[in-house]
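Chains B and C: place on chain A using the hints.
Listed in order, the protein sequences are those of chains A, B and C.
Take the first sequence: its position 70, counted from the start at 1, is 70 in this note's numbering, and no numbers get skipped.
In this note's numbering, each residue carries its 1-based index in the second sequence increased by 1000.
In this note's numbering, each residue carries its 1-based index in the third sequence increased by 2000.
No lab work stands behind these hints, which were simulated from the structure alone.
Beta carbons: idealized from backbone N, C-alpha and C, even for Gly.
Check the hints yourself; a few may be wrong.
Stated by the list, open to error - Chain C side only, calculated, beta carbon under 7 Å to chain A, not exhaustive: (1) Gly2046; (2) Ala2122; (3) Ile2123.
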Amino acid sequence: MNKYSLIVLTSLMLTALLSCSAQKESMYKKSMPLMDTIVSITVVCESKDQAEKAMEQAFAAIDHIGNLINFYSDTSELSAINRNAGISETKVSPETFGIIEEAIYVADTSGGSFDPTIGPIMRLWDFVDKKMPSVTEVRHALPLVNYRDIIMDRKTLTILLRKKGMMLDLGGIAKGYAADIAVLSLIKKGISSGLVSIAGDIRTFGLKPDKSPWTIGIKNPRQTGDRDEIIAKVRLIEKAISTSGDYERYFIAEGKRFHHLIDPKTGFPAATCRSVSVVTDKAVYTDAFSTAIFVLGPEQGMKLAKDLGMDVLIIDSNGTVHSTDGLKGKLSFEKSSS
Amino acid sequence: MQLPDKYRIAILSAYALALHGFEAMLPSPIPWLRLGLANIITLTAMILFGFRAAMMITLIRVILGSLFIGTFLGPSFILSLGGGICGTCAMGAMLSLSRKIFGPVGLSLVGALFHNAAQLFLAYGLFIQRIEAVVFITPVIMLLGTLTGFVNGIVADILIKNLLKKEQDSLHNVAQA
Amino acid sequence: MKKALRNTTIADRILFLFLVIASIAGMFYTREALSQGAEVVIEVSGKPVFTASLYTDREVPVEGLHGHAVVEIKDGKVRMKEARCNNHICMKQGWITRGTIVCLPNSIVVIAGSGMKKDLDAITG
Chain A
1 MNKYSLIVLT
11 SLMLTALLSC
21 SAQKESMYKK
31 SMPLMDTIVS
41 ITVVCESKDQ
51 AEKAMEQAFA
61 AIDHIGNLIN
71 FYSDTSELSA
81 INRNAGISET
91 KVSPETFGII
101 EEAIYVADTS
111 GGSFDPTIGP
121 IMRLWDFVDK
131 KMPSVTEVRH
141 ALPLVNYRDI
151 IMDRKTLTIL
161 LRKKGMMLDL
171 GGIAKGYAAD
181 IAVLSLIKKG
191 ISSGLVSIAG
201 DIRTFGLKPD
211 KSPWTIGIKN
221 PRQTGDRDEI
231 IAKVRLIEKA
241 ISTSGDYERY
251 FIAEGKRFHH
261 LIDPKTGFPA
271 ATCRSVSVVT
281 DKAVYTDAFS
291 TAIFVLGPEQ
301 GMKLAKDLGM
311 DVLIIDSNGT
321 VHSTDGLKGK
331 LSFEKSSS
Chain B
1001 MQLPDKYRIA
1011 ILSAYALALH
1021 GFEAMLPSPI
1031 PWLRLGLANI
1041 ITLTAMILFG
1051 FRAAMMITLI
1061 RVILGSLFIG
1071 TFLGPSFILS
1081 LGGGICGTCA
1091 MGAMLSLSRK
1101 IFGPVGLSLV
1111 GALFHNAAQL
1121 FLAYGLFIQR
1131 IEAVVFITPV
1141 IMLLGTLTGF
1151 VNGIVADILI
1161 KNLLKKEQDS
1171 LHNVAQA
Chain C
2001 MKKALRNTTI
2011 ADRILFLFLV
2021 IASIAGMFYT
2031 REALSQGAEV
2041 VIEVSGKPVF
2051 TASLYTDREV
2061 PVEGLHGHAV
2071 VEIKDGKVRM
2081 KEARCNNHIC
2091 MKQGWITRGT
2101 IVCLPNSIVV
2111 IAGSGMKKDL
2121 DAITG
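Just chain A, with the same shape it has in the complex (with noise of 0.2 Å):
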């Protein structure tokens, strides 16, 4: 071999080499304040302008809906649909229309373990000043809980809530909505592949520049420090996933745990799982029925994640895990949880 074919041999080594590393695809990551929570995006993008134009695209969709179904703000169109509940029917826009369609057909096929007509219940409770109604309180609000009572009107886009005293909330389910509202944002502006996260209501699509699925981690429902934070992985093709936990809010009285995922039947706190992850194509259904099937409890959740064909890890009040075959091969454990 002469020198010339060694330069050749080398500069081809070279090139191999460096390309591997040096890939035209890159990922951008933007995070925002929005929907009372941290809003991260991440897109995969040849051009840091298209990325960041359609992060920018994206965000604002997720804060219009924020704006549209605020239960605090005076001027969202939520805080409209409950000061009428009783008198007459609002007017809405298609997305307020969309979220509450999707809330009814979750309450619908979850027997009622997630009702959007929740407002009057979780009035009573504050997690914040660690306020808990009485037990009369809640017999009195418990009537004025029934998703059967919204009426919808399709064709003029508006929405009647039969009795005085009812209230929309739509937390459980708006943050999925928004995170694919943006998904379908970003696409249209060309993105093919990425993340977006409202607060842990996460929706994925397309591969990373690697071509590696998107790395999930669930949190510990009973971390103690650092180290034991995140108790499980899971790597997403084309798919969401949301969480619903007694961890995130809560305060302990008399030694039991009061959380805010209660139970629409009893107006309290539902005390048979520690976390439920739902996995499935959209994120509207992960956020909601992650709720509902943490509601249900171990059997009935299972049963209502195989019948609807989404994945769902429950880690219940003992501690045990409980998740669908469809999560084998995609979901592993870390070693320090408990």
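Frame of chain A; chains B and C shown alone:
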């Protein structure tokens, strides 16, 4: 093994130890990263006297070396031992495959590669739990190992040539006498 | 010495070049695998305005949308010491070592901790 061989091994081991000790006095940014000067001896021994001799010299050098310096059975001893054994075995395997493909330089590179790889594995498995740290320093160590391996190979080559020449000269003298 | 260099075989030279190139390429590749130490990042309206180590005690003045706020870092923990907002939910959160404190009216976000482990793209739960 014959007496001259044992004699040679002892002398070479002494040289290896001396080089090892000398090198241990040199400052280095990363605790166990060494120039591997003693590997020159190992390599020379392997080419001239075979695998067994080279392995013996390695073991003697590592064990006695750590006894002298005071790190016997400590972390650096384990790393040295693992690296030394792997490196020597790799060189031996390569040599037994074909003496023609690689010269001393190539063998030295192979030895250095396996020596470092073994040390990184051991370091990760036993001492450093954070894989990010190991992943980060691996290319650096590989690069340095390649460069020192190259130089060591050249030096070994020169050493071998000189030793062979001395043998030839002494044989020549004997024949003439 | 030159003679020794000329004495190297083809395989020797190829191996040498390959190893050198591979390790240099490896360095570029692992640049991204660098993990950050525990730090605090303060963002206003989505833009980072301040980054510091979690282990250096200090008080950081931050300009939010409604006015002045103060973020305090002490003993490896961080909190929102003062903020001009209605319900002071951000201040009620107290000291955190990881996670975030959000003052929505001021659009201030304080992120504490060593960021996410590099092998995770997001965390749910």
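Non-conforming hints, listed in increasing numerical order:
none
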